[in-house]
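Visitor: Residue numbers (the working numbering), protein chains in the order written: chain E, 868 to 1073; chain A, -9 to 78.
It is possible that part of the hints are untrue.
To be verified - Listed next, with one range per pair, are the computed distances between beta-carbon atoms:
1. Ala5(A) / Val1008(E): 44 to 52 Å
2. Leu48(A) / Val1025(E): 42 to 50 Å
3. Pro1026(E) / Thr39(A): 50 to 58 Å
4. Leu48(A) / Lys957(E): 16 to 24 Å
5. Lys28(A) / Glu963(E): 29 to 37 Å
6. Gly14(A) / Gly1022(E): 39 to 47 Å
Bear in mind the hints are in silico, worked out from the structure with no lab data behind them. In this text, all values refer to a predicted model and were calculated from it rather than measured experimentally. Just so it is clear, CB atoms sit at the ideal spot from N, CA and C, and this is done for glycine as well.
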Amino acid sequence: MYTMKTTALSVFAVTALSVAASAAPLTFDFKDPKGVNNAVFKLDAPLEAINGSASGISGTVTFDPADPAATKGKIVVTASSLHVPNPMMKEHMLGEQWLDVAKNKEITFEAKSLSNVKTTGDNTTADVTGTLTIKGMAKEVTAPVKLTYLKDKLGMRVPNQKGDLLVIRASFTVKRSDFGINPKAPEDKVSDTIDLTLSIAGSSPR
Amino acid sequence: MKKSFRLLALVVALAAAGTWFVTGANRGWTKTSVEKRKLDEVTGLEAITYEKKFAPGLDFLGGALLGAGALAGLSFLFRNQQNQNQSH
Chain E
868 MYTMKTTALS VFAVTALSVA ASAAPLTFDF KDPKGVNNAV FKLDAPLEAI
918 NGSASGISGT VTFDPADPAA TKGKIVVTAS SLHVPNPMMK EHMLGEQWLD
968 VAKNKEITFE AKSLSNVKTT GDNTTADVTG TLTIKGMAKE VTAPVKLTYL
1018 KDKLGMRVPN QKGDLLVIRA SFTVKRSDFG INPKAPEDKV SDTIDLTLSI
1068 AGSSPR
Chain A
-9 MKKSFRLLAL VVALAAAGTW FVTGANRGWT KTSVEKRKLD EVTGLEAITY
41 EKKFAPGLDF LGGALLGAGA LAGLSFLFRN QQNQNQSH
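Could you put the whole structure together from the sequences, leaning on the hints where they help?
Guide: Next comes the structure, spelled out in structure tokens:
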């Protein structure tokens, strides 16, 4: 009788623990050894279009598959990783008048809340509100975001590693002048509107 | 001398136009790297990498044509050989 009770208690405890573990929020690390994560920026002025991307992405996001609305986290882009194909343009972009990367080494986005959350299968769409910091200037922004939770898919990217992946796609539209990025530059040559697209995948090993 | 300058101007203009056209007739600024995209099948994201490649743009073509024009202009500073012979 005693053995049966102990076994039943053990089974209950293990089940309860595993349910608790699966319901707990997962922390995803966005440092990407595969070099896939990127942030693309576009400035489309009447006289000139500037396109480029950044690859130095890191940060962590806490995501609960049972409650995607509670997602929070911070994504960091190393400012010096911003690249445009023209070397002179790149030098200007990273220089003092524009992004001043010597003093402002990081571009960050800290997600604070999600609204209009809709989940279908592994995909969640929402509007994320958070603080975007560029060139040391912080501004609250809201942008559409798509979260794709890939359960047990980490092993497909990193052999012999069990865990999950979280793919985040977000599109921001910000004003160059709001962040003090050479606000005096003529808008017919360098657009004041910057379209940012974030395409990143984070891993949560078990 | 006059003929040499004009010939040089023509060579510079043709070489620049030829290089620009052969390397893809890039109508933007000159590039020293070109974007390559590769799909990551697990996540569906596209990895962006840059490959070192010289792709002359309209600034390169314009600069070269301006230089060719300047060479052709310089040729007018020299007198024709025939005129020089007649003046003696």
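Visitor: Work down the list of hints and note, for each, if the structure agrees.
Guide: Going through the hints against the structure:
no.	hint	verdict
1	Ala5(A) / Val1008(E): 44 to 52 Å	holds, 49 Å
2	Leu48(A) / Val1025(E): 42 to 50 Å	holds, 45 Å
3	Pro1026(E) / Thr39(A): 50 to 58 Å	violated, 22 Å
4	Leu48(A) / Lys957(E): 16 to 24 Å	holds, 18 Å
5	Lys28(A) / Glu963(E): 29 to 37 Å	holds, 34 Å
6	Gly14(A) / Gly1022(E): 39 to 47 Å	holds, 41 Å
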